[in-house]
Amino acid sequence: MRIPKARGELSEALAAALHEGTPTAALTAVPATDDADRHLSLWTLYELSYRGFDDVDDELEWQPELLALRRTLERRFEAELREWFSPPELGGPFADALFELIGNDDGASVATFVQREATLDQTLELLRYRTIYHLKEADPTAWVVPRLTTGPKAALMELQYDEYGCGDPNRLHSHLFVRGLDAAGLRSDYGAYVDDVPVEVLMQNNAMTLFGLHRRLRGAALGHLAAFEATSSLPSRRMAQGLGRLGLPAEMIAYYQEHIEADAVHEQLAVRTICGALVHEEPAQAAEVAFGALTCLGLEDRFARRMLADWGAAA
Amino acid sequence: MTDQIDHVPDFDHPDVVLCPGGPLLLRGEHVVQDAEGRQHRTTRPVSAVCRCGKSTDQPWCDGTHKVLPDKLKP
Ligand code: FES
Ligand SMILES: [Fe+2]
Ligand SMILES: [Fe+2]
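Respectively, the protein sequence lines represent chains A and B.
Numbered continuously in the working numbering, the first sequence closes out at residue 315.
Numbered continuously in the working numbering, the second sequence closes out at residue 1074.
For the record, the hints were derived by calculation from the structure and aren't laboratory data.
A couple of the hints might just be wrong.
[Unchecked claim] A few chain B positions that, by computed beta-carbon distances, are all more than 10 Å from chain A: (1) Val1008; (2) His1030; (3) Val1032; (4) Ala1035; (5) Gly1053; (6) Val1067; (7) Asp1070.
[What the hints assert, rightly or not] To give an idea of the interface, some chain B residues facing chain A are shown, with a C-beta separation under 7 Å as derived from the structure: (8) Cys1019; (9) Leu1025; (10) Gly1028; (11) Glu1029; (12) Ala1048; (13) Trp1060; (14) Pro1069.
Just so it is clear, CB atoms sit at the ideal spot from N, CA and C, and this is done for glycine as well.
Please model the complete structure; the sequences and the hints are all you need to start from.
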């Protein structure tokens, strides 16, 4: 992947600095044009820690001036997330309370629209946008593993092992998506569609990376995971039905079918054994778990409302 | 040798877990026979067997139990 196309003053300055390999402290003072500019810049900085860019020196991942900019952008984003998604206190047995918090979510759903009425073009557009996460599926959560104590660590690996195909590269979830994209005639190279995605997708991706990269935010990372897994099986069934209705290839449908079954397991693990074990060992993390869960649900709702509005559909 | 357990595990890690209102989790490899007598081999480290009877992916849970009224939940 190459440096994404700039979306404003800040991402323009960042792209130039990355390209030339000479970031300076002045970068932090460049004002962002808008949210898209800000989130593309943060996404680009984060990507240095995933796969990097063909046209950027790997050495820059830990460049202090870039870390300073990343931190500035992260602080603002985290403050916004905490303001938007402030959770209620979870009462009663933890797993029940977390399932209830997630179950009460009535956010907009692109899956329901795809199931019943999306056109082929709209559906392909959605699949292109989904590449930003699905091609790094489970990766942001992998960063959390070393920050956990024995109970939640083993529990998280039990789930992650399945996401990573139990060691079989052919079954790796991100690879199942690659096969679906290839069969559907879409690009499956990492980051191929980043120039096209709406800001809401960058925000979703940045939230996961923010939670994954900061030990302090381990509770939010696992709460995000729980909400993600617990809102996947039923929508995956709707996606599979919609893709079938539109005649999309079996490989793409198979990705969603795998998630109907896998995530019916993963939601139980994420809520009960992973978040349950974390909160058992670190009771103070319960509120962070709830914050992470609401962030996942809230940002998906924003994305869905954006897409449905673009498509002229009612949320 | 006696049948005494000489090693008490530090953590609960049962092979079978009944999830309240939801599926039965099975750890490890198993062959599960569905209500029609067909056999299904588990394919993942942990599998979720449907207990509500309403999954369309029998014998596995597909999350349908969550949209059932309380009295129909297992
Ligand atoms: S127990 Fe989950 S669908 Fe039946
Ligand atoms: Fe997955
Ligand atoms: Fe999953």
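Verification of the hints:
1. Val1008: 15 Å, holds
2. His1030: It holds; B/His1030 is separated from chain A by about 13 Å at its closest Cβ, greater than 10 Å.
3. Val1032: 13 Å, holds
4. Ala1035: 18 Å, holds
5. Gly1053: Non-interface label stands for B/Gly1053: nearest chain A Cβ at 14 Å, farther than 10 Å.
6. Val1067: 7 Å, violated
7. Asp1070: 12 Å, holds
8. Cys1019: 5 Å, holds
9. Leu1025: 6 Å, holds
10. Gly1028: 11 Å, violated
11. Glu1029: 11 Å, violated
12. Ala1048: Because about 4 Å separates B/Ala1048 from the closest Cβ in chain A, which is inside the 7 Å limit, the hint holds.
13. Trp1060: 5 Å, holds
14. Pro1069: 13 Å, violated
The earlier numbered hints that this structure contradicts are 6, 10, 11, 14.
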